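Protein chains in written order, with the working numbering: chain X, 342 to 807; chain R, 342 to 807; chain S, 342 to 807; chain U, 342 to 807.
A portion of the hints provided could be inaccurate.
The list treats identical chains as one, so a pair stands whether inside a single copy or across any two.
Simulated pairs of lysine to any residue, SDA-like, Cα-Cα distance not exceeding 25 Å [said to hold, decoys possible]: (1) Lys683 / Pro363; (2) Lys407 / Asn743; (3) Lys700 / Asp547; (4) Lys548 / Phe351; (5) Lys595 / Ala459; (6) Lys658 / Thr795; (7) Lys638 / Asn696; (8) Lys448 / Asn753; (9) Lys399 / Arg432.
I should point out that these hints are in silico values taken from the structure, not numbers from a laboratory. In this text the structure is predicted, and so the values were computed from the model without any measurement.
Protein chains: 4
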Amino acid sequence: MKNLKILPVFNPFDRSLIQEIPMQGKEELEKALETAYRLFTDRKSWLPPHARIAVLGKLETLMREKAEELTILASTEGGKPYMDSRVEIHRAINGVRIAAEEIGRLKGTQIPMGLTAASTGRLAFTMREPIGVVAAISAFNHPLNLIVHQVVTAFAAGCPAIVKPAGTTPMTCLRFVELMQDAGVPTGWVQALILDNEDAEILATDKRVSYLSFIGSAKVGWYLKSKLSPGTRCALEHGGAAPVIVDHDVALEKVVPALAKGGFYHAGQVCVSVQRVFVHHGIARKLAMQLSEAAQKLKVGNPLDPTTEVGPLILPKEADRIHNWTQDAIEEGAELLCGGNKLGETCYAPTVLWNPSDKSKVSQEEIFGPVVCVYSYEDLDVAIAAANAIPYHFQAAVFSRNLDTALYCVQNLQASAVMVNDHTAFRVDWMPFGGWDASGEGVGGIGYTMREMTREKLMVMKSEVF
Amino acid sequence: MKNLKILPVFNPFDRSLIQEIPMQGKEELEKALETAYRLFTDRKSWLPPHARIAVLGKLETLMREKAEELTILASTEGGKPYMDSRVEIHRAINGVRIAAEEIGRLKGTQIPMGLTAASTGRLAFTMREPIGVVAAISAFNHPLNLIVHQVVTAFAAGCPAIVKPAGTTPMTCLRFVELMQDAGVPTGWVQALILDNEDAEILATDKRVSYLSFIGSAKVGWYLKSKLSPGTRCALEHGGAAPVIVDHDVALEKVVPALAKGGFYHAGQVCVSVQRVFVHHGIARKLAMQLSEAAQKLKVGNPLDPTTEVGPLILPKEADRIHNWTQDAIEEGAELLCGGNKLGETCYAPTVLWNPSDKSKVSQEEIFGPVVCVYSYEDLDVAIAAANAIPYHFQAAVFSRNLDTALYCVQNLQASAVMVNDHTAFRVDWMPFGGWDASGEGVGGIGYTMREMTREKLMVMKSEVF
Amino acid sequence: MKNLKILPVFNPFDRSLIQEIPMQGKEELEKALETAYRLFTDRKSWLPPHARIAVLGKLETLMREKAEELTILASTEGGKPYMDSRVEIHRAINGVRIAAEEIGRLKGTQIPMGLTAASTGRLAFTMREPIGVVAAISAFNHPLNLIVHQVVTAFAAGCPAIVKPAGTTPMTCLRFVELMQDAGVPTGWVQALILDNEDAEILATDKRVSYLSFIGSAKVGWYLKSKLSPGTRCALEHGGAAPVIVDHDVALEKVVPALAKGGFYHAGQVCVSVQRVFVHHGIARKLAMQLSEAAQKLKVGNPLDPTTEVGPLILPKEADRIHNWTQDAIEEGAELLCGGNKLGETCYAPTVLWNPSDKSKVSQEEIFGPVVCVYSYEDLDVAIAAANAIPYHFQAAVFSRNLDTALYCVQNLQASAVMVNDHTAFRVDWMPFGGWDASGEGVGGIGYTMREMTREKLMVMKSEVF
Amino acid sequence: MKNLKILPVFNPFDRSLIQEIPMQGKEELEKALETAYRLFTDRKSWLPPHARIAVLGKLETLMREKAEELTILASTEGGKPYMDSRVEIHRAINGVRIAAEEIGRLKGTQIPMGLTAASTGRLAFTMREPIGVVAAISAFNHPLNLIVHQVVTAFAAGCPAIVKPAGTTPMTCLRFVELMQDAGVPTGWVQALILDNEDAEILATDKRVSYLSFIGSAKVGWYLKSKLSPGTRCALEHGGAAPVIVDHDVALEKVVPALAKGGFYHAGQVCVSVQRVFVHHGIARKLAMQLSEAAQKLKVGNPLDPTTEVGPLILPKEADRIHNWTQDAIEEGAELLCGGNKLGETCYAPTVLWNPSDKSKVSQEEIFGPVVCVYSYEDLDVAIAAANAIPYHFQAAVFSRNLDTALYCVQNLQASAVMVNDHTAFRVDWMPFGGWDASGEGVGGIGYTMREMTREKLMVMKSEVF
């Protein structure tokens with residue numbers, strides 16, 4: 342029987358088996374879809390805003406109480422160092438609070454009438470309604486906070502949600518959904534399913550699903566989009582190969598730590614990780630050497646050790662892939678300044694490459710590992726053109742003391758966000774966040790997602806009164 | 342050679358040949374895409390807002406001068422009665438003005454920082470940038486105004502546009518694009534191409550296209566969406582089968598004319614045409630008879646005759662299809678109250694059907710012709726459930742004097758807009774407009790479209806100053 | 342010495358002395374102003390948003406813990422029945438939460454540039470800054486919640502605040518300011534002063550004050566406004582004489598309880614209390630009689646008794662004034678349907694008057710006591726004209742089942758808010774709230790007040806980059 | 342008889358009499374107030390939005406036709422050089438267009454309900470209504486554009502307006518009001534009155550006036566505010582003494598022309614004229630000398646000469662006052678770098694003062710003449726403190742290439758707007774514009790003013806439907 346399949350969950354650092362989780366199959370999926378759809382189509386079962394606010398308030402309290410447990414759970418199965426995992430859990434708690442706040446902002450507006458003679462005698466307003474069933478397919482790199490962004494938003498917006506966590510990090514999601522139920526989410530409003538890829542596609546493309554929230558690889562995301570049922574809206578969050586421009590006038594003692602954090606945080610397994618650093622030739626080599634020194638000082642190891650700064654890649658094959666890309670880059674002309682080797686099955690030494698070829702994969706594709714490329718540039722426009730040359734456009738950065746240079750880069754970098762004097766991985770949970778072009782579709786951020794999960798209904802009242 | 346293909350344009354009323362238009366092929370399409378893409382990627386070629394505003398101001402003036410010419414041209418090839426075509430042209434002129442106004446509303450907002458300790462020391466704002474090349478595939482039923490909504494919006498938003506008009510009504514579009522050029526649109530920013538369906542699909546799915554605006558059948562729209570390149574955003578505007586609820590307490594002398602207008606305007610070839618009228622049993626038959634009388638009084642004929650109220654269908658096969666659907670409905674139990682017969686090759690008599698079966702096509706699918714169905718209901722909830730039962734959800738209406746009844750219907754009808762005491766086809770060009778679920782994707786309306794054709798770029802400035 | 346003055350606080354129900362509170366004089370006032378002004382002008386002392394949010398979070402928790410204490414304190418000195426006082430305290434707690442949320446909404450927006458040729462080459466944004474020192478002069482009728490609206494808002498907006506509570510209800514305010522300090526409000530940011538009227542005027546009109554928030558009588562409010570220093574902004578919240586229109590088609594069993602609640606809640610000592618009820622002649626007498634019955638059933642008495650529905654007036658002279666007005670109205674033609682007599686020194690029997698003269702004080706001025714006037718009308722327009730005829734315009738209401746009638750009244754009643762099928766005293770703390778014309782200036786409501794306590798600073802960056 | 346008083350209008354350049362205009366007295370004023378009030382209180386006389394838009398469209402056309410006439414008229418009576426007067430007229434035309442656009446933005450919003458249990462079962466929206474009769478008292482320095490900002494806004498917002506132009510420049514206003522009537526403004530909606538100061542005060546403080554728009558001296562403005570009737574809202578636009586910070590890293594060849602334009606435009610008779618320039622000591626003297634050179638090259642003379650760059654002061658006494666202030670400053674320690682002398686009765690030579698004393702009037706008060714003070718600073722914080730030290734806070738500027746310096750000045754300058762790398766007198770008619778603290782009250786800018794001239798009415802519909 343299909344639903345006797347078991348998902349083994351491993352600790353990515355030592356590859357030990359943490360737990361075996363029974364998977365759901367087509368039958369449970371159908372039941373989940375039916376439950377969610379029935380809740381949505383029966384308006385009487387909808388939860389009023391104050392009830393959703395109350396649940397989220399309780400959830401916030403529960404999460405605070407369980408913060409340490411969640412931190413360790415997420416760190417254990419996801420491999421993010423304890424110190425960073427803790428930050429994630431606290432951001433997730435804050436995200437729940439933001440979602441509660443945003444419920445009051447799901448509102449409509451007046452549409453003016455009478456601006457033409459033909460439209461006089463009317464009064465018109467819009468209101469926001471939940472869009473329908475949300476299917477969320479999540480990723481491993483933020484095992485709790487992504488669920489908040491995909492599922493708490495749905496609940497807050499009034500949409501029943503079905504979530505399929507990453508196969509590598511299901512436990513944090515399952516625990517969190519338990520907490521949601523403990524906080525009072527009524528049966529059926531949030532359902533977590535452990536599905537294989539085939540069934541995940543069935544979930545994503547079912548006609549009862551009104552909104553697909555997908556976080557993961559571009560390849561899978563765009564494929565799923567092409568298979569959606571008519572009327573299903575989607576948000577896709579893929580990766581990038583985040584570019585940074587560094588002008589000659591900066592203080593390296595501030596820039597280098599920022600780049601090291603932005604590039605090696607969570608072993609680079611972040612969609613807005615610093616990847617391609619274009620540095621003015623006057624300071625490029627110096628910056629690269631300092632970044633290399635900083636990279637070598639980072640403590641790589643067991644994520645549960647509170648002093649660990651860089652943990653493992655999520656899977657052995659990822660470490661292998663990254664190693665291959667790095668070796669290819671070196672063969673194609675890059676100079677290896679540090680790293681370039683595996684440290685065990687899944688850990689990879691923080692790596693800095695000097696001037697890789699434009700054609701190398703590390704220059705063209707998302708590395709999603711602890712590898713930063715430094716390129717020396719002579720001409721700012723050429724650097725910007727190189728930064729923009731690939732189809733992935735997510736967050737970018739510029740370091741400069743000069744106002745015009747900063748604004749010029751902000752204007753000309755193809756990116757959904759440009760950080761000025763900060764690394765590319767900066768994010769707060771209420772800001773708009775999402776890839777452009779090949780990097781994704783839709784705009785994330787708690788409030789943005791909640792608005793995308795609703796739709797405006799217009800009411801036009803005609804009356805001789807007006 | 343491909344590009345020697347000729348498109349014959351017929352007068353839909355008398356099927357006379359108006360003109361033969363040379364079509365473009367793959368080569369011209371490639372050139373157009375390359376031109377548009379080059380303009381977009383070279384930021385120096387972008388037109389500043391004031392230049393776009395100036396062009397639109399001149400365009401408005403030119404359109405006013407050519408209003409009569411455009412009215413007749415659109416009426417001749419599109420078959421919309423002169424009186425209604427005139428309204429369309431003036432709405433299109435107003436639409437150009439709205440687009441000019443909306444340029445100043447394409448703006449960003451502050452994103453607050455410092456709400457958490459980790460986000461202090463920053464100042465953040467968003468700005469809006471054009472999204473890229475817009476491909477517009479248009480429909481015949483509003484040969485000018487749809488072009489304004491799809492193409493003038495793109496130009497106003499700063500996007501190069503390539504438009505493929507409906508094969509039946511290309512002349513109005515070509516003339517309008519000429520006027521745009523006369524008004525100062527620089528070469529390449531707006532290109533009209535006469536393409537066959539195969540090439541239109543190539544246009545829609547080319548990777549250089551960032552935004553597809555499609556108005557037409559649901560079948561083609563959802564197909565095209567599934568074929569889009571990664572990163573291409575789309576707006577799809579399909580049809581519906583607009584439901585109306587009529588309560589027992591209304592004044593029939595006001596309701597009937599509204600229904601007649603909303604149902605038979607442009608021979609029902611409007612995506613929000615009144616199609617399914619659910620009437621309280623106490624007045625249902627009376628309303629149906631009065632609507633039938635009103636339908637029979639409508640003057641059907643040559644659209645160029647200024648007294649004509651209902652013109653032809655766009656193609657003979659459409660008249661045949663409508664006739665078949667009507668006959669099927671009658672066979673399946675509907676009572677024919679008036680109409681039900683063709684008047685020549687393309688004209689169809691305004692038709693009222695009483696209580697067609699739920700299973701009949703006229704109850705299930707968009708008729709897109711001059712046929713209105715009247716259903717008697719006993720229970721309001723049952724009527725609403727019937728109204729919502731099909732997957733097309735666009736505009737709806739309720740007629741009632743009772744406040745609670747009106748609000749109840751507004752709340753419970755699945756529709757992007759609910760008119761209270763007005764027919765479903767009400768629209769102004771600045772209001773949000775678009776189908777829900779199977780009826781489309783995205784939100785139209787001049788300003789809404791312009792915002793969808795842009796994207797927000799976030800700038801986060803980090804500084805010790807703050 | 343001035344500052345040895347003592348303020349005795351009485352229980353308004355039994356006139357027992359609760360406490361004697363030392364008053365502050367000119368010296369303490371000067372010191373408070375200096376402290377507040379110094380904090381504001383030294384930008385380094387400003388609290389970042391996250392610090393203010395944290396304080397408000399702690400305050401909310403403290404208030405929940407002390408809810409019963411605050412309820413009894415407010416009820417004891419203010420005379421509001423326990424059941425209603427409890428509601429007030431919980432609204433106040435919610436208000437603190439709203440204020441915390443609104444901090445993130447104190448943000449600016451982009452101002453588009455380049456809409457004219459002369460404005461190209463610029464990028465412009467606004468930001469919000471606190472306006473300066475806030476002086477708050479408060480009223481007795483909501484001893485806690487008004488302080489939240491006047492003082493928590495100021496703190497949340499980043500303004501140092503000095504509050505002078507009502508002389509009759511200082512204890513709740515003082516206790517609350519203690520709680521604010523316990524929650525972490527740094528010294529000087531919120532200061533409560535017990536002042537006599539002369540010193541209160543000095544506070545209000547000091548040039549270091551940037552914002553006066555006054556809740557109280559129109560006479561005092563408009564006087565203070567005329568004395569403000571140049572540059573001081575103000576919000577004045579005075580009273581009204583709230584009108585209600587009742588159409589013939591309503592269900593009296595729903596309308597009467599709403600009117601009883603809206604008219605007799607807190608013995609009518611609310612600025613939006615139901616005062617003048619204009620009823621269609623077909624049901625007017627019936628409604629008046631039922632309202633009279635309902636009034637007589639209300640339990641008047643000791644506010645600390647949890648079953649008490651109507652408590653005392655705040656002062657004996659108020660009971661006397663109300664009695665005089667009622668007697669005058671009767672002499673001038675009104676029929677007394679119930680009440681019309683004092684019940685002890687400060688309690689007054691809930692009173693319904695039938696058809697008082699337009700000239701009577703009860704028809705012209707704010708009663709601010711448990712007296713409701715019912716007028717029979719023949720013509721809706723005449724009733725609306727009567728409702729609008731006095732210069733006080735605050736909240737109003739209409740009861741009708743008819744959509745057009747409801748909209749007509751909404752449109753034609755001079756009021757900042759019109760309730761449809763609800764009484765005039767409805768309020769939530771996030772909605773806009775404030776009198777029009779003689780009834781006040783500015784717009785209250787937590788977020789509205791916070792925005793008024795800030796001002797937008799525009800930054801225009803000129804650069805050849807754009 | 343009072344109303345036989347005559348106002349003589351002089352050419353300020355040669356003091357020749359241009360015209361004698363009959364003044365209105367108390368009787369005409371009373372009639373005008375009565376007319377305006379009656380129009381406002383009779384909602385049936387209100388003009389629907391489309392009618393106001395149509396009038397403004399015609400007005401724009403008429404103004405384009407009369408642009409040259411208006412330019413010369415304004416220049417002749419107001420003394421602004423032809424080249425700048427022309428700019429003003431075209432800005433005024435654009436302002437009319439903006440006002441027409443903003444009509445569609447006078448709209449309300451949904452107020453969410455159900456965020457607490459007590460507020461469920463309701464649907465709430467706001468709408469905007471005109472506030473009432475607008476009294477506009479205007480200034481001479483922009484004889485046309487100020488009228489647009491004060492009167493066209495009122496008409497566009499739906500308020501009847503009574504305007505009293507400056508006594509020195511009444512003709513442009515009267516001509517413009519004629520054009521408004523030609524464009525279709527119905528009788529009584531816009532009335533221009535030539536009043537003496539006593540009657541102007543009566544106008545401003547009449548209880549039928551709901552909104553006072555005053556542009557002029559701080560002394561008069563704050564006085565009038567203190568005399569307003571209860572319920573009258575006001576906007577006051579006074580002057581400033583605009584500060585500029587210039588850092589050491591700038592390109593003087595760009596800064597100096599900007600300062601010269603911002604300081605000597607319209608002989609400095611602009612409320613945001615560059616007055617106090619604080620320059621980093623490394624370049625201060627050099628900048629001052631170059632500014633002096635630029636000042637000496639300006640062509641001073643007859644405003645009607647199209648090459649004139651600086652015209653006369655509005656009155657001989659103003660030239661005398663400026664001369665006295667300059668002489669005082671020199672006596673108090675300032676060095677005169679250029680100018681410092683009268684050129685005829687009303688013209689004053691563009692003057693640059695080096696390091697005037699902090700105590701001098703030119704450092705403390707608004708000069709409102711062609712005098713720029715340059716101060717050398719050593720420490721940026723000291724310069725900012727000096728810039729902020731006076732109670733007038735309007736627009737300010739900073740010139741720097743350094744991002745942090747620019748942001749630091751934007752943050753710390755007390756100003757409603759801070760220009761980065763541009764002079765203080767920059768303004769576009771749609772941006773927020775208004776003095777802080779002693780410099781004024783309210784926020785100008787076409788759309789901002791229109792919103793201030795309206796008020797939000799809230800409608801809360803309670804229903805068991807929700």
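Now for the hints, and whether the structure bears them out:
1. Lys683 / Pro363: neither (33 Å within a copy, 63 Å between copies)
2. Lys407 / Asn743: Result: close neither inside a copy nor across copies, 46 Å intra and 46 Å inter.
3. Lys700 / Asp547: Between copies, since 24 Å is at most 25 Å while 40 Å is not.
4. Lys548 / Phe351: neither (34 Å within a copy, 40 Å between copies)
5. Lys595 / Ala459: Between. Shortest inter-copy distance 17 Å satisfies the 25 Å Cα cut-off; intra-copy 62 Å does not.
6. Lys658 / Thr795: Answer is neither: 39 Å inside a copy and 39 Å across each miss the 25 Å cutoff.
7. Lys638 / Asn696: Cα proximity of Lys638 and Asn696: one copy only (22 Å, versus 54 Å across).
8. Lys448 / Asn753: between (34 Å within a copy, 17 Å between copies)
9. Lys399 / Arg432: Answer is both: 16 Å inside a copy and 19 Å across each meet the 25 Å cutoff.
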